[in-house]
Each structure stands twice: as C-alpha cells, then as structure tokens.
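Visitor: Read off the chains here:
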Amino acid sequence: MSQRDRAVAAVRVAGRGRARRRALTWRRRRQLAGLLCVLPALACTTIFFFVPLGLDFWMSFNQWPLLGDHQFVGLQNYAQAVHDPGFLGSVGVTVLYTVIITPLLLVLAFVLAVLTQGADRASRFFRTLYFLPVPVGLASASYLFVWLVQPNVGPIGRVLQLAGVVQQPPVWLAATIPALLVVVGMVVWKVTGLQMILLMAGMQSIPDAMHEAATVDGAGWWRRFLFITMPLLRPTLALVLVFSVAGSLLAFDQFYIITAGGPSNSTLTAVYTIYRTSFVSFHLGYGAALSILTMLVLAAVSAVQLLLIRQSTELS
Amino acid sequence: MTARVPRAAWWAACLALGALFVFPLYLTLSQSLKTSAEAAASPPTLLPHQLSIQNYLNLNGHAGSIDIAQHLLNSLLVAAGTSAGTVVLATLAGYGFARLRFPGGGLLFMAMLAAFMIPFQAIITPLYVVLHTIGLSNSLVGLTLVYITFQLPFGLFLMRNSFAALPADLEESAQLDGCSLASTLWRVMLPLAVPGVVTTALFSFFTSWNEFFAALILITDQSKFTLPVVLSVLQTGQFGTIDWGVLEAGVVLSAAPCVALFLLLQKYYVGGLLSGAVK
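Residue numbers (this note's numbering), protein chains in the order written: chain A, 1 to 316; chain B, 1 to 279.
I should point out that these hints are in silico values taken from the structure, not numbers from a laboratory.
Computed from a prediction, not measured in an experiment: that's the story for all the values here.
Heads up, none of these hints are tricks.
Only part of the chain A face toward chain B is listed, based on derived beta-carbon distances under 7 Å:
hint : residue
1    : 51
2    : 129
3    : 147
4    : 201
5    : 271
The beta-carbon is built from N, C-alpha and C at its ideal position, and this holds for glycine as well.
Excised from the complex, chain B in its bound form:
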C-alpha cells in the first residue's frame, strides 16, 4: 500500500518520526553521562561537554542511604523468581490442561484465565490483607508470588496452546517406548515447546522488572524496594533538591536491560505479543 507515497516523502516522514521516538532515550542517556555540575546546569546542555560516570557512582549512597547494588539485586531476584516460577507452574498446568484431560478441566482453565481480565489494581486492597494474614507482607517472596499469579494466565494460555499443537502420536510413541509421564513431558514434549517457554519467561521478566504499583504498596521497608520504587526516593530528593543526573542514571539502569533484551530476543517478544493478543 505504500507504493502510492513517493519514496522520498516516505523516508522523510519515517526519519522524522524515528527521531521523535529515539530523542527521549538519547536525552536521558546523555544526561546520565554528564558530570554532576553539567547535569544540574540551567539552561541544560543538549550534548554532554564531558563524559563521566559520576552520576552512576553517585547513585550509591544518594538521598541519604540508597544502596543501589541492593536494589538492583532485589529487582533481579524478584524478576528471576517470577520468570522461573511462572515457567514451571505454567508448563506443568499447560501440559495438564492440554494433554492429561480430566473432568472439569476446561472450566477450570477458563476460571484461571479470569485473572487476565481482572487486573491486580482492582484487588490490591484485599491482596494486601491476605499477604498480611499469611505473614508475607513487606516480603520480596510475597511480591514474587503475586507477580507469578498475575503472569500465570498469559503463561498458561501460551503453554497450553504450545502443547495442544504437538501431534498426539508423539506422546503415545514415547510412552510405548516406556517413558513415564514425567519423562515424556521433560524429554519429548518440553523441547518442542521451547518457544512458548522463552516467551513466557521473557514477559514475566519484563513485567516484574518494571512493575511499580504492587511493589510500591506491598513493600514498605526501603531496603527491600525494587529499582522502580527506589527511584521515587531519588525523585523526592535530598534536602528538597533533586539530582537529575543521578535520577536519569537510575532510569538508564532500569531501562537498558529491557531494551537490550528486546533487541536480542525480538522474535520471541513480538511473537508473544501477537499470540497473546490476536488469537
């Protein structure tokens, strides 16, 4: 359909739009690489006069007591835990729903997908009470379990479809050869469902690494804050002044892994989006 648009106009439009989309990313990266003095300059410089990693070093111990390594570790643990947990639970349940049919399974599957439609913003108040009751409030384990629960519908949907798409004789011949159910899943079925596993893990990682709302509410101890929440401490500033160089260094620290992972695993990322949305 683009044939009607002259090629030069097309290039101009696409490049202009591209500049608009990339400009904020460029600005924050350059801000984070300025010296502290230049980062605070007014009016701001659009190109750093001198490159420096001072802002990244200043992330540590900033605004009183921020231990940035600790928060990075918190985020990593929660994101890795969510990915691993979601993959294990979704693989097992997806296999169960797709291959080991049992009475009421279809209904149960639909019920478990309901969490897809009711987001956790809508049940955050009772969720807080439940976590408090079972002693998991203000705990990264509790936060991880909540993330797993809300990533499960997507993972479950993806893994059930992955397993349902595999031919039935594959499983039968594995069992005729004496494979147990567990080793059929592990050795025969799972290797063929790897794209589903990668997509599930990737999306769980992204979502939990970036999640802000639940992390803000369910974690009250500053030492346990994840990266997005600890940035709000930086944003509040020390003695009422905000160090924008340090804050943007924090933004780069939290955004760079996502952009890098996306560029590396683009195929799975876009594929997952489409299978989640279009089917």
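Okay, chain A solo, but in the shape it has when bound:
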C-alpha cells in the first residue's frame, strides 16, 4: 500500500468516526431535550402524586396527629378498620349506592343513545339537550337539587302536589332511602348524557354493513341489537362501566351537600368517612389506612369488571 493510499484510508476512517460522533451527539442532544421537556411535568407529578402515594402507605402504619410527633403502630390501623362499624357501614352505603345507580345510568343512557343516534338536526338537538347538565359541576347540581326537594319552598313537592300525586309535599331528606333517591336522581340527571355520548360513539363505530347484512338475512331490530350491537359494544361498555363504578365508589360531593351524611349518619360514604377521620377528627394515620383500603377495593372492582367483560367476549 502506498503512502498515499494509507493516507486516504486514514482520512476515510477518521471521517467516518467524526460522522458517527456527530450523529451520536445529535441523538444525545435530542434525548437530553426530551428529558428536559418532560422534567417539569415529572416534577409536578412526583411532588403531588408519587410522594403522597408513598406517604399514604407510610402514614397508614402510624398514629399521625395533625400536630406533634407520629408514632409507628404497625398494622394497628388496619386491624381497627376491619372492625370499625362506622367505616364498614359507610362501605355498605357506598356499595348500595353503586348497585342502585350503575344499572340505572347505563340503561337510561342506552335508551337515550338509541333514540338520538341519527345524524338529522332533531337528533342532534335532543342530544345537546340531554347533555346540557354534564358541564354543570357536581357541587352546583347538588345545591340545585337540595333546593328542588325542600318540603315547603322546593318546586318538586309543589309539582307533585299540583299533579295530584301527593297531598302534602314529601319530606325527602329525613329518611335514608328517600335521601339516597334524591342523590341518585341528581346524578342520573347530571351523568346520563355523558354515558349516552360515549355509548353512541361506540355504536357509530360499528360498520353499517354489519347491520345491512343482518337485515338482508332477515334479522329484526331486536336481534340486530342483541347479536350485533351488544357484542361489538363490549369494549365501550367495559369502559363506561369502570368509569361509572369508580365514580360511584368515590362519591362525596353530592352526599356532603345534599344529605350531609344524614339522617343520623346513614348516608355516609367511604370517602366521606375518610374525610371525617382525617379532617374533622384529625386521625390522619387512620384516615390514610382507610384510603389505602378504599384504593384496594377500587382496583379490585375494576380488575374484576375488566376480566368478566373480557371473558364474556371470548365466550361469544
């Protein structure tokens, strides 16, 4: 190899090295920029989510007053929780509320979605009408309904009286079941439109050809609904159900404002009990333990729901 050839080869190698190094630093720079972009969001999530999440577990093993030192007590908070009639009662109320409201919302939302799924002006108008309460806050809607059902000054009693359904305006909030029904009524009014839109989007993603083919085969409306719409809607249904159940299990605002947990603490929900434990009695450690238990129940319920729906999809 001549000297010239060697020199050319050396230049070529050096050039390639430089190119690779340049490529590396360019990639590095992009990676670094990516990390920098993510950093502010990560900092926020760490301080206000990951740290509290970890602290939740640690606090649940401690006796933790608002002021003064905390003291490690092991599993004592959990042992207390599983025998606490107040907490267990509130879990019962929460489950009862969830069991009442979930099918009610879903069926009504289905009816509304089927009624207004057309693309015509009238359907669009009614859809907007049913959706109108959704942007209203849960708290505002609660202040609205607590007035609606007042026995003397509230209009619901008056309307029922004028319609001849009752003689005297009923007293809604003095007994457990009627009070629960007021909350259920408010949530149905506020949330059905939301589920309607979600279900409708699921229905519209089913290709028309499916329905047409079934119609040609002689399937009527019900058969098409049962054997085409329902099975193909399962993923949407799963999602709506999980959201709905999780929301109900975490119910607080509507009970705080409408029933204040009454009459005689019979409508205290799980989150309401956590609120009272941590921020009225200031047993923060015990409140944290109750939070962890609630979180576990929530995760378990969601997992079971998803599993059930997946299984029934495989079966069909």
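Following the hints, put chain B in place on chain A, whose structure we already have.
Guide: Just chain B now, with coordinates in the frame of chain A:
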C-alpha cells in the same frame, strides 16, 4: 335503527325526556330571578311573577361576610392557572415523549398516566401533609398545582397522541431549514396540535372551576374559598335560615359559564371526551 319507531312517538319521547333534563335548569334560573320575597314563598311559584336581580346583588355580603367578587376571582384564578399550567406542562412533556424519544421514556409515560387511575380522593390525607410541609397549605397556588397534577395525565395522553400523529418529515424539514428544537415545537408542531391544546385547556378549566372535594379540604381560610365551596357557606344559612333565592343565584353564577363554554366549544368538548375514553 330508529326507523322502526313511528316518528310521532319518537318526537313525544324525545320532547318529554328533554323537558325532564331542562326543567331543573329552568327552575334554578327562574328562582334566581325572583324577588327575595317571592323566592322564599311557600308554596313556591313555578313562574316568577316579577323579574329581579335582587338575589344576585344579595350574594354580596350575604351570610355575614361573603365578598362574592373575591370568590369569583379566586375561582377564575385557579381555573385559569390550572388550564395554563396543564397546557404548558402537557405540551412540553407530550412533545418530549412523542418526538424526542429517550431511554426509559415509555415506562415513565406509563407511570405518569397512573394518576389517571388513582384519583385524588384516595391520597388526600398525605397530600394535605405534603402541602403543609412545603408551606403551600391553605394556598390557592397549592390548590392550582394539585389540580394541574391531576389534569396532567389526560393532557399528557392527548398531547402525546397529537404530536405522534404528525408526520416525521415535517419536523425534519423544519430542522434542515435551520429551526432549533424550540422553534420547531413552537412554530411548526404546536400550530398543528391546536385541537389537543384547546381540549386540554377546556377540560382543565371545567374540572378546576367545578372541583369541590380538594378545595374544601386544602383551603381553610374563608376569604380564599372558591365558588363551589363558598356556596356551602350560603347553604349553612344566616341565623339558621337559608335564602334559597341567593343560593340558586350562586348556582347559576357557577353553572352558567360552564354551560355557555360547552355550547360554544361543543366540538372540542365531545371530541375530548371520546379521545379520553374510547381510545
């Protein structure tokens, strides 16, 4: 599928349902526009005999010391701060996750979405302790930061998908033309991701404007209460009597902006709901 239902029956059903959904909104609006005397009447009137803005004026200084302008401002500041903060953080991080891939990014993205699944009701007790420790308890800034954190997963998801959907050559040609990373994001990518930005801002605004639970717990000073929480002071009443006309005026004040914004930006609102849920 509606073809089977006779048209007249369809109209009747839809109108009846529509009346049920709109009736409570009508009732509260009409209650808020009655005179004080009529608003307290028993049995109640279903149509106001005389329109008046007395209840809205009475919101101020009611139940002792409520300064309604202050609470409106608190709510506005928190909602605007949450929207702006969420949009900035979610845009930056969404761009980072979608376009400037780095090792461990995918895992980090999943971890940050976890806040989607664990709601803040479940970690409110330690959250209170953390805010207390860093000196942000009883502070609207602290409340805003908490809201931003819990709006971030949705915003992050939306913005990452918005950026990931844009073609790669767009970014490359911008950089060949000498754009820096920052100006590529600002001038080329962001204008194309505007729908994602609007949806993120809109949802952050709605959620923080309406949020009750955290605002009730994390703010203890009445002068710093947001609108939904100060209404609970009205609901407690002055000398044990509740002025329902004033309370419903408060409900209208807090609900009207949401309904109006929804009607104006319906496309983004529904689009955002669907992208958050169905994808």
